[in-house]
Each structure stands twice: as structure tokens, then as C-alpha cells.
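Chains as they are written, first to last, in my numbering: chain A, 1 to 138; chain B, 139 to 442.
These aren't lab readings, by the way, just hints derived from the structure by calculation.
This one's a predicted model, so the numbers in the text were calculated from it and none came from an experiment.
Beta carbons are placed, not taken as given, at the ideal position from N, Cα and C, and that holds for glycine.
It is possible that some hints are incorrect.
Cβ-to-Cβ under 10 Å is the rule here; a few derived chain A residues that face chain B [as the list claims (entries may be wrong)]:
no., residue
1, Pro92
2, Gln100
3, Cys101
4, Arg102
5, Gln110
6, Glu111
7, Lys112
8, Asp122
9, Tyr131
Just the calculated beta-carbon pair ranges, DEER-fashion [unchecked claim]:
no., chain 1, residue 1, chain 2, residue 2, range
10, A, Arg102, B, Asp161, 37 to 45 Å
11, A, Lys112, B, Trp441, 32 to 40 Å
12, A, Gln116, B, Ser204, 37 to 45 Å
13, B, Asp212, A, His126, 36 to 44 Å
14, B, Glu220, A, Glu31, 31 to 39 Å
15, B, Ser337, A, Gly18, 31 to 39 Å
16, A, His93, B, Asn370, 34 to 42 Å
17, A, Lys112, B, Thr210, 45 to 53 Å
18, A, Gln115, B, Gln169, 16 to 24 Å
19, A, His126, B, Pro167, 46 to 54 Å
20, B, Ser227, A, Gln116, 18 to 26 Å
21, A, Asp60, B, Ser337, 32 to 40 Å
Straight line, CA to CA, 35 Å or less: simulated DSBU-like cross-link-like pairs of lysine-lysine [unchecked claim]:
no., chain 1, residue 1, chain 2, residue 2
22, B, Lys387, A, Lys121
23, B, Lys297, A, Lys121
24, B, Lys218, B, Lys282
25, A, Lys121, B, Lys252
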Amino acid sequence: MNIDAIQRGIVLDHISAGRGMDIYRALHLDELSCSVAIIRNVKSPAMGKKDIIKIDEDIDIDLDVLGFLDPGITVNIIEDGVIVEKKHLALPHRLTGILQCRNPRCITVQEKSLQQIFLLKDAERHIYRCYYCDAEQK
Amino acid sequence: MRHLINITDFTPEEIVELLDLGDRMIADPAQWRSSQQGRILATLFFEPSTRTRLSFESAMQSLGGSTLGFATADSSSTTKGESLLDTISTVSCYSDIIAMRHPREGAPVAAALKSRVPVINAGDGGHNHPTQTLTDMMTIRRRKGVLDGLTIGVCGDLKFGRTVHSLLDAMSRCPGNRFVLISPPELRVPSYVTDMLQSRGSRYTEVESMEAAMAQLDVLYMTRVQRERFFNEADYVRLKDTYILTPEKLAGARDDLIVMHPLPRVNEIDTRVDDDPRAVYFEQVRNGRFVRMALIQKMLEDWA
Numbered sequence: 001m002n003i004d005a006i007q008r009g010i011v012l013d014h015i016s017a018g019r020g021m022d023i024y025r026a027l028h029l030d031e032l033s034c035s036v037a038i039i040r041n042v043k044s045p046a047m048g049k050k051d052i053i054k055i056d057e058d059i060d061i062d063l064d065v066l067g068f069l070d071p072g073i074t075v076n077i078i079e080d081g082v083i084v085e086k087k088h089l090a091l092p093h094r095l096t097g098i099l100q101c102r103n104p105r106c107i108t109v110q111e112k113s114l115q116q117i118f119l120l121k122d123a124e125r126h127i128y129r130c131y132y133c134d135a136e137q138k
Numbered sequence: 139m140r141h142l143i144n145i146t147d148f149t150p151e152e153i154v155e156l157l158d159l160g161d162r163m164i165a166d167p168a169q170w171r172s173s174q175q176g177r178i179l180a181t182l183f184f185e186p187s188t189r190t191r192l193s194f195e196s197a198m199q200s201l202g203g204s205t206l207g208f209a210t211a212d213s214s215s216t217t218k219g220e221s222l223l224d225t226i227s228t229v230s231c232y233s234d235i236i237a238m239r240h241p242r243e244g245a246p247v248a249a250a251l252k253s254r255v256p257v258i259n260a261g262d263g264g265h266n267h268p269t270q271t272l273t274d275m276m277t278i279r280r281r282k283g284v285l286d287g288l289t290i291g292v293c294g295d296l297k298f299g300r301t302v303h304s305l306l307d308a309m310s311r312c313p314g315n316r317f318v319l320i321s322p323p324e325l326r327v328p329s330y331v332t333d334m335l336q337s338r339g340s341r342y343t344e345v346e347s348m349e350a351a352m353a354q355l356d357v358l359y360m361t362r363v364q365r366e367r368f369f370n371e372a373d374y375v376r377l378k379d380t381y382i383l384t385p386e387k388l389a390g391a392r393d394d395l396i397v398m399h400p401l402p403r404v405n406e407i408d409t410r411v412d413d414d415p416r417a418v419y420f421e422q423v424r425n426g427r428f429v430r431m432a433l434i435q436k437m438l439e440d441w442a
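From just these sequences and the hints, can you work out the full model?
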């Protein structure tokens, strides 16, 4: 894989420096058979330093997970060596099946069939609350 | 279909409408004797209760309806391992409305996802208790004449006190109310409650001394430190008698203060306070039946 230019795939740009590996694990990129490159501490005029992940295949990315972990990321879709689409992320309003409620008194502890749902309550402070019990999670 | 899970499921205007109906029911209960004839209320109490369960049953029977249900989880199929969601799916086939209490926080939210009939939250763990709040609001309005512009002290277990969380949620929507949150540091209100107060621009202070706060209060809402909410018995024992209201401590209070308590009490209000005309906690019990009559009537008729 030429990490400078891929023909068809996805480039995750503007990852906060040092978070590249977290994103790699959260998106289960280790399970892919294609080439994946994590480039750390790339100089960036806007961010100082940033991480970049290049994936040499067009896969389905869970944008909610990505937006939750690092809402500043830009997702670039590459075809024939050029960017055909840029997706700017934001904190998702609703997270389903991503976080697990840590309140030991929450109904989700007992009723395992319930989907774990969190709703964004404070975008500035990145605070989500459990849909069922209101417990806070950052 | 509407449920009552949090007090904010109703608008302030709807709450006033409901309290007005409750007042009319107190004035002339006979007029409503048959209004829910043929309808069934299921009372599903996965956690013990005296007042809330009996007041719901009394309310439905006073409206001409009937009730079924269980008073403890032990007498339901929960003991066989049945899930809450399956229990709700089943009971909603047998009833027209469900009032449920559950030790798990958020259980009524989950129940409402499955139920074919309206669900009323009759208390979920240390989270919310909206029908107690309706009772409290009715009592405040009948005694003080207003629901706004009041200085309201809440005292005791503000962390696990579900009645407090719902009361603050409701009263912070009424303009001009100010709150004095009296608790030991370990039992302060959860952050979602203070976030809510801040987002509404409500004025509040968090203090430890009940005596120092007393003179400024229009309402003093006492709560029990709840043994059942503690994972550690030693913490409960250490905190349980932090606040005990006595006639002596009331000496510095206003003549028109009202002392409230959702009951049951343990030691937090000396029984000598019961004879003080400012003590209204048994009026709350009485009002609880009528406000639940109004609630059932509204949910099965006007808001169905």
C-alpha cells in the first residue's frame, strides 16, 4: 500500500493526535484483510499535530462511533485516487449499542434484551445520558 | 397513547388542569363514582409500598373501576425468571392502564416501550416518582395558594430521593421558585438534577445546615435516608440520622411554613411535630388519592 495515495478506500483525517489507535480498535479495523495505515503525529497547520488512518478498501464506517470518539474527524471517500466525498462529523444525538450504562441500578443491568441507548445532553461538555435512568457518561 | 414516566411528560398547563380536576373531586367525589366503571387498573409493585399502591387502588375504585396486580415481586412470575418486558406485555392484555413501581431506575421507560396501555411510573429506584410530585403540588397549591415564587427547602437524601428529583423537576418549571438543597455531601442531588436546574435558570443553593436555612423557607420537604438504596450498610448507619426535625428546630421558622414528607418516615421528623399546624404530611396522603383519581380520569379519557 502506498500510504501517500490510495486508489479506492477511505481516509480518516484530522484525528486528534494520539487517538489513532483508539479509533483503529473502536472500528475493528484489525479485522479487515485489506491494507490499513495509521500515520501518527502528522504536522497540521490547524491542529498542530494529527493522526490519519488510510483504509485501502471502501468499507461501511460507523459514523456514530466515530463522531462520538472524535467529532473533529473528516471522512474522505476516495475513488480512482481522488476524494469524491468529504463527511464532517458531529456528536451524534443518539448512541445505540455503543456505550453501556454504568449505573448498577439501571434497568438495563437486569433486562439484557434492552438496547443500550444514550442521548446527547450537553454537546459542549460531551455529556450523554442513559435513555432509561439518566446516568451520565462522557 | 400517553404515559407518565417523568413529571415533564405533562406540560405545566396540563398539571394545573389535573390539579383543578383533583380539587373538584375533593369537593364532590360522588360525581365521579362511575366514571371508570368497567375499566381495570393493574398495580405492579415490584418493590413494597403502602401509600402509593393503596392510593392508586383506592383512586380507581372511587372512580368505579377495578384493580388487579401484585404487591411484591415475590408474588409474580419474576421469581421464575420472567423478564419485566414479558410481564408488561402480558399485563397490558388484562388491563386498561398500569401503575408500576420497580427498584430498577428507568424500568417504566422500558415498560412503556412494550405496553399496549398507558403506563404510570409509581416510583423507579432512586430516580423519579411523578405521582408523588402531583400529590406534593396539590398540597402546596391548596396550602399556599400558588405554585410559584416560593422558597422551597428539600432536606435529607437528595441523591437517591426520587420524590425530590421529580419535585425539583416540576417546581423549577414554575417561575420565581428558589431551592435550598439541604444534605450531607454524600447525599447531594445527582448532576442531572443540577444540570436541569441550571438549564432552566433556577436559583438554588446547596447547604448542609437545616437550622441555618429554616427562617427563609416557605416549604420544607423532608425525606428519609433510604436503607434500601445503599450497597453498604455502614454508610446508611452513618448518614441515617443526619437530620431530625423537632419542634425546637421549627421555632425559627415562618408561621406560614409548610412541612412536607412523602412518607414513610423513620426518625427524620419527631412525632411531636405532627401536632404543629404547619405539618401537612398527612394531608399529602389524603390528597394523593384524589390527585391519582384525577390522573387516571385524565389518562383514560381526555388524554387517551
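Tested hints:
1. A distance limit of 10 Å between C-beta atoms decides the matter here; for A/Pro92 the minimum to chain B is near 19 Å, and the interface restraint is violated.
2. The beta carbon of A/Gln100 comes no nearer than 14 Å to any beta carbon in chain B, farther than 10 Å, and the hint placing it at the interface is violated.
3. For A/Cys101, the suggested interface contact is upheld, since its CB lies about 8 Å from the closest CB of chain B, less than 10 Å.
4. Here the hint on A/Arg102 is broken, as its CB sits about 12 Å from the closest CB of chain B, past 10 Å.
5. Hint status for A/Gln110 relative to chain B: holds, with the closest Cβ pair at about 6 Å, below 10 Å.
6. About 6 Å separates the beta-carbon of A/Glu111 from the nearest beta-carbon of chain B, less than 10 Å, and the hint is met.
7. Checking A/Lys112 against chain B: minimum C-beta separation of about 8 Å stays under 10 Å; hint holds.
8. Look at A/Asp122: its Cβ gets to within about 7 Å of chain B, closer than 10 Å, so that hint holds up.
9. For the restraint placing A/Tyr131 at the interface with chain B, the shortest Cβ-Cβ distance is roughly 7 Å, inside the 10 Å limit, so the hint holds.
10. The given range of 37 to 45 Å is respected by A/Arg102 and B/Asp161, whose C-beta atoms sit roughly 43 Å from each other.
11. Restraint check, A/Lys112 to B/Trp441: a C-beta distance of roughly 33 Å satisfies the suggested window 32 to 40 Å.
12. In this structure the hint that A/Gln116 and B/Ser204 lie 37 to 45 Å apart at CB holds, the actual value being about 38 Å.
13. Roughly 42 Å separates the CB atoms of B/Asp212 and A/His126, a value that falls within the hinted 36 to 44 Å.
14. For B/Glu220 and A/Glu31, the Cβ-Cβ distance of about 37 Å falls inside the hinted range of 31 to 39 Å, so the restraint holds.
15. Distance hint check for B/Ser337 and A/Gly18: the Cβ-Cβ separation is about 33 Å, which falls inside the suggested range of 31 to 39 Å.
16. For A/His93 and B/Asn370, the Cβ-Cβ distance of about 37 Å falls inside the hinted range of 34 to 42 Å, so the restraint holds.
17. Evaluation of the 45 to 53 Å hint for A/Lys112 and B/Thr210 yields a failure: the beta carbon distance comes to about 23 Å.
18. Restraint check, A/Gln115 to B/Gln169: a C-beta distance of roughly 45 Å breaks the suggested window 16 to 24 Å.
19. The beta-carbon spacing between A/His126 and B/Pro167, approximately 52 Å, falls within the hinted interval of 46 to 54 Å.
20. The supplied range of 18 to 26 Å is met by B/Ser227 and A/Gln116, whose beta-carbon atoms lie about 21 Å from each other.
21. A hinted range of 32 to 40 Å holds for the C-beta pair A/Asp60 and B/Ser337, which are about 36 Å apart.
22. For the suggested pair B/Lys387 and A/Lys121, the alpha carbons sit about 40 Å apart, so the restraint of at most 35 Å is broken.
23. At most 35 Å may separate the alpha-carbon atoms for a hinted pair to count; B/Lys297 and A/Lys121 meet this at roughly 20 Å.
24. Of the pairs offered as hints, the one joining B/Lys218 and B/Lys282 is violated, with about 49 Å between alpha carbons and a cut-off of 35 Å exceeded.
25. For the suggested pair A/Lys121 and B/Lys252, the alpha carbons sit about 25 Å apart, so the restraint of at most 35 Å is met.
Violated hints for the displayed structure, listed by number in ascending order: 1, 2, 4, 17, 18, 22, 24.
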